[in-house]
Amino acid sequence: MKQNPYAGLKKVILAGMILVPLVPFVLVLGIGYYYFTDSLENNTIASIQRIVHDHRQMIESFLMERKSNLEFVLNTYTFEDLSQADKLKRTFGSLQKESSAFVDLGIFDENGLHVAYHGPYSLSGKVYDQAPWFKAVMKKGFYISNVFLGYRQVPHFVIAVAKMNQGRQWVIRATIDTQIFNDLVKKVRIGKTGEAYLLDTEGVFQTERRSGGSLMGSDPDRPKYGPVHDGIKAFIDTDAYGEPFLYATTWLKEKSWLLIVRQEKADAFKALYQAAYLIVLISVLGGIIIVAIAFILTDRIIRRMERMDQEKDQLGEQLFRAGRLAEIGEMASGFAHEINNPLQIIKSEYALIEMIFEDLKKKGDIKESDDLAEMGDSIEQIKVQVDRCADITQAILQFGRKGESVAKDIDLQTFIPEVTGMVANKAGVHGIVIEQEITDQIPGVHGDPRYLQQVLVNLLNNAIDAVIVRHGSSGGAIRIESGSAGNRHVEIKIRDNGSGISSENLKKIFTPFFTTKPVGEGTGLGLSVCHGIINKMGGSMLVDSRENIGTTFTIQLPSAK
Amino acid sequence: MEAMKIMLVDDEERFLSTTKKLLTKKGIDVVTATSGAEALEMLQNKYVHVVILDVKMPGMDGNETLKEIKNRFPLVEVIMLTGHATIESAIDGLKCGATDYLMKPTEIDELIVKAKEAFRKRLLVEEKIYMAQSRSYRKSPREILKEAEKTAR
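As given, the protein sequences belong to chains A and B, one line each in that order. In terms of our numbering, the first sequence has 498 at position 498, counting the first letter as 1, and numbering is strictly consecutive. In terms of our numbering, the second sequence has 612 at position 51, counting the first letter as 1, and numbering is strictly consecutive.
Hints listed in this document are in silico derivations from the structure and should not be mistaken for laboratory results. We treat Cβ as the ideally placed atom computed from N, Cα and C, and that holds for glycine. Among the clues, some could well be false.
To be verified - DSBU-like cross-link-like pairs, simulated, lysine-lysine; straight-line CA separation at most 35 Å:
id, chain 1, residue 1, chain 2, residue 2
1, A, Lys187, A, Lys224
2, B, Lys675, A, Lys383
3, B, Lys617, B, Lys581
4, B, Lys566, B, Lys587
5, A, Lys363, B, Lys617
6, A, Lys363, B, Lys566
7, A, Lys383, B, Lys587
8, B, Lys582, A, Lys536
9, B, Lys682, A, Lys383
10, B, Lys707, B, Lys656
11, A, Lys536, B, Lys656
To be verified - Here are the computed distance ranges between Cβ atoms for each label pair:
id, chain 1, residue 1, chain 2, residue 2, range
12, A, Lys362, B, Thr712, 55 to 63 Å
13, A, Lys367, B, Glu625, 51 to 59 Å
14, A, Asp359, B, Thr712, 48 to 56 Å
15, B, Lys586, A, Lys367, 36 to 44 Å
16, A, Val384, B, Glu625, 36 to 44 Å
17, B, Leu636, A, Glu317, 36 to 44 Å
Could you build the full structure based on these sequences and the hints that come with them?
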């Protein structure tokens with residue numbers, strides 16, 4: 001057997017079957033993934049930008065409100081009013097009603113002297129003229145400090161507002177509860193890891209960070225945020241611990257504080273990653289399914305093609321054999337016909353010789369002797385051999401027979417037993433049991449009964465001969481089965497347990513003149529004639545045989561309507 | 562009884578000569594022809610009861626010859642001699658008026674048997690003709706005169 005001739009074709013089909021669905025599949029998934037993730041990413045970024053924007057506004061309005069509170073106090077009361085402790089206390093009370101974030105309230109004159117104070121500490125009398133916040137507020141009229149420890153050694157920040165009043169300048173300062181402010185800033189919640197915090201320009205935490213970063217601690221990531229800028233920046237970067245984050249940053253307007261809202265990248269893009277996983281999963285599964293189906297289908301196609309090719313080859317071989325047989329038949333019959341003429345002459349010559357011979361003997365012209373007897377025997381042989389030749393030519397002519405035959409419907413149920421009866425005697429003599437199994441509803445066939453009889457008798461005789469070779473005179477069995485073969489065909493099987501046919505001989509079995517019988521006992525034409533007859537009836541004849549097990553001849557004939 | 566006269570027609574000369582010897586020894590009068598044309602020519606001059614005619618011959622074949630013989634010498638009985646492959650021609654021959662057929666290679670005895678059958682048939686037909694003719698002789702002289710007049714006219 002040569003190397004699989006379908007290997008190339010198989011590759012092409014396989015490639016086609018995998019690529020054709022896979023390419024659009026991958027394209028759809030890829031394009032879908034691209035646009036989906038793009039839009040999801042944009043959405044996520046837009047959303048964090050919106051959050052940072054809203055959050056900044058909230059923080060700014062908180063600071064502005066506190067500033068307005070103080071300005072209101074500044075404008076409502078005079079320096080002298082507020083220098084009195086009980087007046088200051090009342091004012092603080094009303095301030096606290098506005099916002100509980102106010103922790104204390106202090107009044108300073110233009111020299112930085114803490115004139116009056118209301119709060120949990122005793123800070124009155126201290127001079128702040130050198131404190132940076134005081135200088136700043138005196139200069140700008142308004143100041144919000146970074147978070148610092150100050151005299152109290154507690155983190156806090158202050159809001160101070162200055163006012164020019166009747167030629168003198170005075171300052172009101174309030175401390176803001178870092179806890180309340182802290183909570184306000186931290187309040188943002190996005191996903192699991194979303195957080196918001198404030199840094200000053202130096203990168204010092206002005207509020208706590210949930211994921212670690214204590215108040216007044218230093219953020220090592222400060223350089224990433226760049227210098228003070230307008231608007232909102234969103235970017236993805238890794239923090240000092242190597243964790244990737246989605247950042248959105250913005251600088252507050254009133255104060256050089258940087259508001260940072262950040263979320264772990266994995267958390268921020270969770271939906272995106274889920275989609276990606278799902279897409280990968282679908283691609284892998286889909287890919288596997290496509291490839292598997294391609295393999296299975298290709299395999300089926302190739303197998304079907306192989307089978308069809310085999311069938312085609314077989315058919316071709318059958319046609320070739322049939323054609324060759326027909327050719328041989330034609331040739332042989334022409335040949336036989338020509339042989340008959342010389343045979344006719346030989347026969348006549350023999351008759352003449354015999355006649356003359358008898359005459360001579362009668363007249364006494366030749367004397368009886370051993371030689372004479374031998375000559376007589378020899379002459380007799382001429383007749384015997386000519387008759388043998390005649391038998392052969394008869395058989396050949398039968399094989400190559402053309403033309404009319406008397407076709408009629410044959411009822412196999414009665415026909416087969418009749419034919420079997422013809423050889424029953426011969427079989428019985430050799431102890432061969434002939435079984436018959438003919439289905440009741442077997443359809444008839446259409447053909448010349450004489451020819452079909454010839455075929456069956458021939459096959460049965462062959463079977464008997466094969467059985468005798470193997471079993472002698474006991475133990476032989478021949479079985480005839482007949483029934484419908486489906487597809488409007490009838491089947492006749494003749495099975496024997498005889499000597500069988502070697503696989504080499506099996507190929508030549510229908511060839512004219514092929515015989516395994518000794519010279520003079522068989523012409524080698526029987527089966528080729530049978531084959532010709534069955535073919536002419538539109539049927540087929542197959543043989544299956546195993547040496548020393550037996551032989552089965554199967555005849556299929558189209559059933560009569 | 563009259564001796565049977567047979568004509569053998571075949572293109573095989575040796576067959577003709579040997580068979581002729583054989584049949585002559587059996588007391589049968591035999592003439593031979595090697596083709597249909599020769600046979601027809603000889604039939605004009607020779608009186609033959611039975612023709613044994615090979616189907617397959619070069620030139621004019623058996624069936625053509627048969628038709629011609631039956632046309633020109635309707636009383637002559639013809640037996641077709643055929644090879645197996647030309648059995649259909651033999652059947653055609655029978656349809657065209659051949660008496661019988663013989664299959665090659667044939668036994669000389671069988672040939673004689675069939676020839677004799679044909680001969681008897683021929684004799685029977687001749688006898689019938691003779692009877693019919695003698696009946697016409699028994700017609701009245703007037704009728705005979707009338708017929709003579711017709712022929713003269």
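Worksheet item: Failing hints, ascending?
Response: 5, 8, 10, 15 and 17
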